[in-house]
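S.K.: Chains F and C supply the protein sequences, listed in that same order. Position 172, counted from 1, in the first sequence is what my numbering calls 172; the numbers after and before it change by one each time, with no gaps. Just remember that my numbering sits 1000 ahead of the position in the second sequence, which is counted from 1.
Any given hint could be a false lead.
[Claimed, not checked] Here are some, though not all, of the chain F residues that point toward chain C, as calculated from beta-carbon distances under 7 Å:
id	residue
1	Asn65
2	Lys191
3	Ala194
4	Gly195
[Unchecked claim] Calculated Cβ distances over 12 Å to all of chain C for the following chain F residues:
id	residue
5	Thr4
6	Val96
7	Lys97
8	Glu105
9	Ala140
10	Ile147
11	Trp161
12	Asn162
13	Arg182
14	Asp196
15	His200
16	Thr230
Don't read these hints as lab results, they were simulated from the structure. Using N, Cα and C, we set each Cβ at its ideal position, and we do this for glycine too.
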Amino acid sequence: MADTLEVSVWRGGENGEYETYTVPSRESQTVLDIVTYIQRRLDPSLSYRFACRVGVCGSCAMTVNGKARWTCRTHARLVTENGKLEIGPLRNLPVVKDLATDMREFFDKWAKAEGNFKPTTTRHDEFATVKPSDKKRKQATAAIECIGCGVCYSSCDVVAWNKDYLGPAALNRAWTLINDVRDSGNDERLKAVAGDAGCHACHSTQMCQERCPKHLSPTASIAGLKRAATSALLKGKL
Amino acid sequence: MSSRVDTRRWLIQRVSAMVLAVAVIVHLGVIIMATQNGLSAAEIVGRVQGNVGWMVFYIIFVVAAALHAPIGLRTVIREATGMQGRWPGFISGTIGVLMLIMGLQAVLRLYGV
């Protein structure tokens, strides 16, 4: 193993460029460790975003050697190619500076997809009983662990082609709520997600599930939304 | 964005795709079988002409293709050019109508009307 790594890091805004840094190569280091090393030891003006460092918060996603990844849980030695690493901001989002992207449109689309829970009861009512074996509960469970990192959104070609497309994460969120028996917003939610900017725009290229660090399948969730929308259409509810 | 119109369009494309999957297999299968057995184009036309079954089959084929292709083309135009509004639907819809007219004309000629 070489003692050092050549790391190209995106510097600047949309019209920035890659700058190369030489960093020590260590046995166990994550891509986020390398970015942190550069900022603390080589160039304190480097901007990037992170919080938990343990794969929970979803704030450290970047493009590493061309693929969107959660950098805090990505071992550098597993993704280094020929002793080189290229670290850039997430694709499909405006670059604020260096490795930090503007995530507003990503999260605004969760709101557009009616991704907020609409309760049917108050705190004074009894708890809802939902069996783990329930079909809807299982469908929600399969999709619920999203950390909102934006890796799927950045990897999705349909997002790149269609700026209005809500994207895999927002649609996945809508699918979990559609399967939540305690929620009352499904009619509105289906209207929000069933369309050319919603589930019907998905080409099932499956890059979202290929790259999702939590191994979720937004593609399957979107397929569920397509079925639900079709069913609602045939029942005259759309 | 109208969820009802968009979903209906999506559904029509999926159902027409199912029809086309069967129709294309029958169409190509019969062509390959017939030509492998030494039938010429003129002989095939001679057998198909006047056959109501084949006419109905090809009318369904043409209608499915004329529904399926423009919906996909509309998406291609939108995604490849970034064109929004009514234009992608108008362009692809016009092509769909042309496909329908030309296809039905061909079917009726084949039947011998």
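S.K.: So, for every hint listed, does it hold in this structure?
M.R.: Verification of the supplied hints:
Given the 7 Å rule on beta carbons, the hint for Asn65(F) is violated: about 27 Å separates it from the nearest Cβ of chain C. Interface hint status for Lys191(F): upheld, as the beta-carbon distance to the closest one in chain C is roughly 5 Å, under 7 Å. Of the supplied interface hints, the one on Ala194(F) holds, with its beta-carbon coming within about 4 Å of a beta-carbon of chain C, less than 7 Å. The criterion of a C-beta within 7 Å of any C-beta in chain C is met by Gly195(F), whose closest approach is roughly 4 Å, and the hint holds.
The claim that Thr4(F) is not at the interface with chain C holds, since no C-beta of that chain comes within 12 Å of its own (minimum 43 Å). Distance check for Val96(F) against chain C: the nearest CB is about 24 Å away, which clears 12 Å, and the non-interface claim stands. With a least CB separation of 27 Å from chain C, Lys97(F) remains clear of the 12 Å interface cut-off, as annotated. Separation of Glu105(F) from chain C is adequate, the least Cβ-Cβ distance of about 16 Å exceeding the 12 Å criterion.
A cut-off of 12 Å between C-beta atoms confirms that Ala140(F) is not in contact with chain C; the least separation is 22 Å. At roughly 28 Å, the least C-beta separation between Ile147(F) and chain C is larger than 12 Å, which holds for a residue marked as non-interface. Remark: the non-interface label on Trp161(F) conflicts with the geometry, its nearest Cβ contact in chain C lying 4 Å away (cut-off 12 Å). At roughly 6 Å from the closest C-beta of chain C, the C-beta of Asn162(F) falls inside 12 Å, breaking its exclusion from the interface.
The claim that Arg182(F) is not at the interface with chain C holds, since no C-beta of that chain comes within 12 Å of its own (minimum 24 Å). The Cβ of Asp196(F) does not lie farther than 12 Å from every Cβ of chain C; its closest approach is about 5 Å, which violates its non-interface assignment. The beta carbon of His200(F) is not kept farther than 12 Å from every beta carbon of chain C, the shortest such distance being approximately 4 Å. Non-interface status of Thr230(F) relative to chain C is broken: a Cβ of that chain comes within 12 Å, the nearest being about 6 Å off.
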